[in-house]
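First to last, the sequence lines map onto chains A and B.
Take any residue in the first sequence, note its place counting from 1, add 15, and you have its number in my numbering.
Under my numbering, the second sequence has 54 at position 66, and the numbering climbs by one with no breaks.
Check the hints yourself; a few may be wrong.
Calculated Cβ distances over 10 Å to all of chain A for the following chain B residues [to be verified]:
#1 ASP11
#2 ASP56
#3 VAL63
#4 LEU85
#5 PRO91
In silico BS3-like pairs for lysine-lysine, Cα to Cα no more than 25 Å straight-line [stated by the list, open to error]:
#6 LYS126/A / LYS147/A
#7 LYS58/A / LYS94/B
#8 LYS58/A / LYS90/B
#9 LYS149/A / LYS126/A
#10 LYS94/B / LYS16/B
#11 LYS58/A / LYS16/B
For the record, the hints were derived by calculation from the structure and aren't laboratory data.
Backbone N, C-alpha and C fix where the C-beta goes; we use that ideal spot for every residue, glycine too.
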Amino acid sequence: MDRRSRIRGVRCLAAAACLLAGLAWAATSLWQRLEQDGIHDPKNPAIALLQQPAEALAPLPRDTAGNMVRWVAALESGAINPRTNILPETEVRVRDDDIIVAKYGSLPAVKFPHRPHTLWLDCSNCHEHLFKSKAGANRLSMMAILNGEQCGVCHGAVAFPLTECNRCHSVPNASLLRAAPPPR
Amino acid sequence: MKHIALLLALAAVAPAPMAEYGDVVIDKRSSAAGVRPVIFPHWFHRIRFRCKVCHHELGFKMRAGANDVLMSEIVEGKFCGMCHNDRVAWGGDRCDLCHSGKPGLKPGIVGGAQTSGPGRW
């Protein structure tokens, strides 16, 4: 074997090792183990009894942000079936309509779908203290949202984070314009 | 020397330990009373309950720090005690399962929303 092909061989091996190490890192780093997450006390004797995030979350539909779980898809597909109420008398309310807001700005308009929100939440979680129940009556501000107000009460804390612009800003403004009248 | 520099560079790039998205550190009274802070994992609970169960039926406000819950209220069946009663979930005598945080943690919601500033959660 000449010197050049030997160097090539070593380079190939090194690249394969890096790739394998990278894959192993990616597989283990999606969810931190509790004893290594920086907030759980590894000296707590009960830590071994707690469920590890990877065990619970790995079987669920994969996302690219937040908990790395598409929570609404997990719910709608039946992968999880979280309880809707504890008290038998609680009325479980789900609403189906979509609301288009933030039209004709510099980004695509926002489609707010009531269904996935009300599958998780009750009307009273947002109405009337966060949002008035009247389309057009709410003054939304991206600055307030980034500051943890309005949508930002959940998005950026527990619901998908605010780095995912196009999940909300999803409706092209052009599609909202009325079709031009036919030429006379 | 080159190798050490490379290792140092890799260590700098490696991600810091990160709590799970939506984890809440609760320490209104725990540390002062000599027990570990509580870690509340949203991910664990939302597999089993929809948000509305705790934030509508149980009366938890949706702002970290806005809820003032006494251990005596939990034992009486309010707030966490609606489920943590030895029937739905473990009871109030299993201290270490909830009081599982490192001593001295800053309370609040953790777990790295990448857009964490300028917000208050």
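For each hint, the structure was consulted:
Residue placement check: ASP11/B does not keep its beta carbon more than 10 Å from all beta carbons of chain A (closest about 6 Å). Every CB of chain A is more than 10 Å from the CB of ASP56/B (nearest about 19 Å), matching its label as outside the interface. The non-interface label for VAL63/B is consistent with chain A: the shortest C-beta to C-beta separation is roughly 17 Å, beyond 10 Å. Non-interface status of LEU85/B relative to chain A is broken: a Cβ of that chain comes within 10 Å, the nearest being about 5 Å off.
Distance to chain A contradicts PRO91/B as a non-interface residue, since its nearest Cβ pair spans about 7 Å, not more than 10 Å. Under the criterion of a C-alpha separation no larger than 25 Å, the hint pairing LYS126/A with LYS147/A is consistent with the structure, at around 17 Å. For the suggested pair LYS58/A and LYS94/B, the alpha carbons sit about 18 Å apart, so the restraint of at most 25 Å is met. For a cut-off of 25 Å, the pair hint linking LYS58/A to LYS90/B stands: about 9 Å separates their Cα positions.
For the hint pairing LYS149/A with LYS126/A, the CA-to-CA distance comes to about 15 Å; that is within 25 Å, so the pair holds. Restraint check: the Cα-Cα separation between LYS94/B and LYS16/B comes to about 11 Å, which is no more than 25 Å; the hinted pair holds. This hinted pair checks out: LYS58/A and LYS16/B have alpha carbons roughly 22 Å apart, not beyond 25 Å.
Hint compliance for this structure: hints 1, 4, 5 are not met, and every other hint is.
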